[in-house]
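Now for the letters of each chain:
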Amino acid sequence: MRSSPGTTSPTSEAQAPPAGPGPEAAPPATAFAMPLTVAVLAAVLAVSVLLAIGLGAAAVPPGETLRYLWAAVTGGSIQAGDVTAYQIIWQVRTPRVLLAVLVGAGLSVVGVAIQAMVRNALADPFVLGVSSGASAGAVLVGVTGALAAFGIYAISAGAFLGALLVSALVYLAARGAGGLTPLRLVLTGVAMAFGFQAVMSLIVYFAPDGESTSTVLFWSMGGFGAATWGALPVVAAVTLVTVVLLRRLGRSLDVLALGDETSASLGVDTVRLRRGLFVLTSLATGAMVAVSGAIGFVGLVMPHLVRLWTGAAHVRVLTVAPLAGAIFMVWADLVARTLVAPRELPLGVITALVGVPVFVVLLRRRGYLFGGR
Amino acid sequence: MTSLALDDLSVSIDGAAIVEALALTVGDGEVVGLVGPNGSGKTTALRCVYRALRPSGGAVLIDGRDLARLPLRDSARVIAALTQEGRTDLDFTVEEVVALGRAPHLRGNQALSPRERELCRQAMARTEVLHLAGRGILSLSGGERQRVLVARALVQEPRVLVLDEPTNHLDLHHQIRLLSMLRGAGLSVLVTLHDLNLAASACDRLAVLSRGRLVACGPPAEVLTEELLREAFGVAASVVPHPLTGVPQVLYDLGSATTTIGDPT
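In order, the protein sequence lines correspond to chains A and B. If you count the first sequence from 1, position 169 lands on 169 in the working numbering, and the numbers rise without skipping. If you count the second sequence from 1, position 114 lands on 114 in the working numbering, and the numbers rise without skipping.
Hints in this document: simulated from the structure, not taken from any laboratory. Where hints are given, some of them may not hold.
[To be verified] Short derived list, chain B residues pointing at chain A, Cβ under 7 Å:
no., residue
1, 51
2, 85
3, 89
4, 96
5, 109
These numbers come from a predicted model, not from an experiment. Ideal Cβ placement from N, Cα and C applies to all residues, glycine included.
Make a model of the complete structure from these sequences and hints.
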């Protein structure tokens, strides 16, 4: 600044409130040690993954789990008696747990980005209608047998295309002279969700067999039961790119939260930023829904939980959210497949059972503000 | 020297002319006040300067260059703004909000340098919010928040500062402090104010807008006349020189408002 520090009013200290803010009101940000937090979360995630791979209907001790994983990665040999356990560990559980890691991380960061994009605390990755589009696409493929060229991934491909179709429609309908305005985006998304739900109901209603009903249930509740090694690389690439790109936009997202007018005065082009966010989050959500269905509440609750912990600055939120989301998802999936084993609960039931009470407590908590008191 | 010029600036929204051929300059280090009744186009004109709005005719020039041809980031390094948009969605701390003023100078998530941290500290001290540095922005009062946002505009290190009703929510002490700080900052300032007495004390020149048109422009002593107040503001007031400074001051009472705002035509 073009003035000396001496311009500080000598009375300014005296005018300060006698007592500083109480410990409750103190923001966590100042005392927040990022490297340590990341290290601890990464360690917790690694242990969670190992435990989750070992645990299940047939539990395998962590030591054995490690031995099988080591054998699989290094191409070592195992005894004939261990083949079944090895198959369960390597072919079934490992891809499943890794998928939970990826989707948990992805949904959490996409939730953060969407809440910033539409400036709404209640937004989640599915607020723009992506999940109903995916369900309709999946059901349509299941009923008609279309996209047979994709083999076992036909239904996933249908879900992905359905998700993209909804995103494209929302984009076109919400676009105006001033770009994508937050409120119009949300309203259009909600309307599209209802529309595609109706389409899906219609397909199910006229479908020849009951098969489509279970497809609908899977896509609307979500789950990792269909995880295979084949789908992992695509999801891994999408998640990684999304996390890295969004994190790089951290400061721009902070500026966006100050309002569109202020963003312009701070050199952030909100029209371009929203468009970029929309494309990125739509592709990422579509890819995740295609492999795991619409797993609710993670993308809604995780951003809030992480903000409570790290403060609002997006760089910090987007560093912690993928790790926290991944850990949460691994444990939620473990509960879903072990609670009433050998039957499996829909994952969305678990995330909702945990997410709803957490969210309600969080919103009632004093000192947590999103959009004012 | 002229740093900011509105060159026949026109804005129409949905066919309605909000600002018509507004020509106004702000010299280096000059404080220009934009005054006028509600709906006269003050905020709309300012929005074109801080680039939230594209003019439909004419141009905003900074050092003779058309603002519309500059990348948004480049103009944000020269022009800082305090908008009427007071609310944020997220509970950033005060020092985080102030630090965001450096955004146009930093690449991506690049951390603030020690010099920039000191800059933020000084700006918070100047607007008397240093003691609030660790507080959440959403927990502040309107006046405190307004001072935080002024500090954010200062750390942008602009040459031109645009402020839309900066004295909103401020108590008398902070109104006076803010405007005297603006005068001493050495920046070119374009500010809208409702309080004409404050405007007369703080500004080198006043520009009076009425129905989107510039109806008077010049030093406060020339502009603030009883005739202008009647015609542009619809107030039958007395204008007297300030006993200490000689600056014109407007005196009015509850009977001063005329039945309709005078029609200049």
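Against the structure, the hints come out as follows:
no., hint, in the structure
1, 51, "holds, 5 Å"
2, 85, "holds, 4 Å"
3, 89, "holds, 5 Å"
4, 96, "holds, 6 Å"
5, 109, "holds, 5 Å"
In this structure, none of the earlier numbered hints is contradicted; all agree with it.
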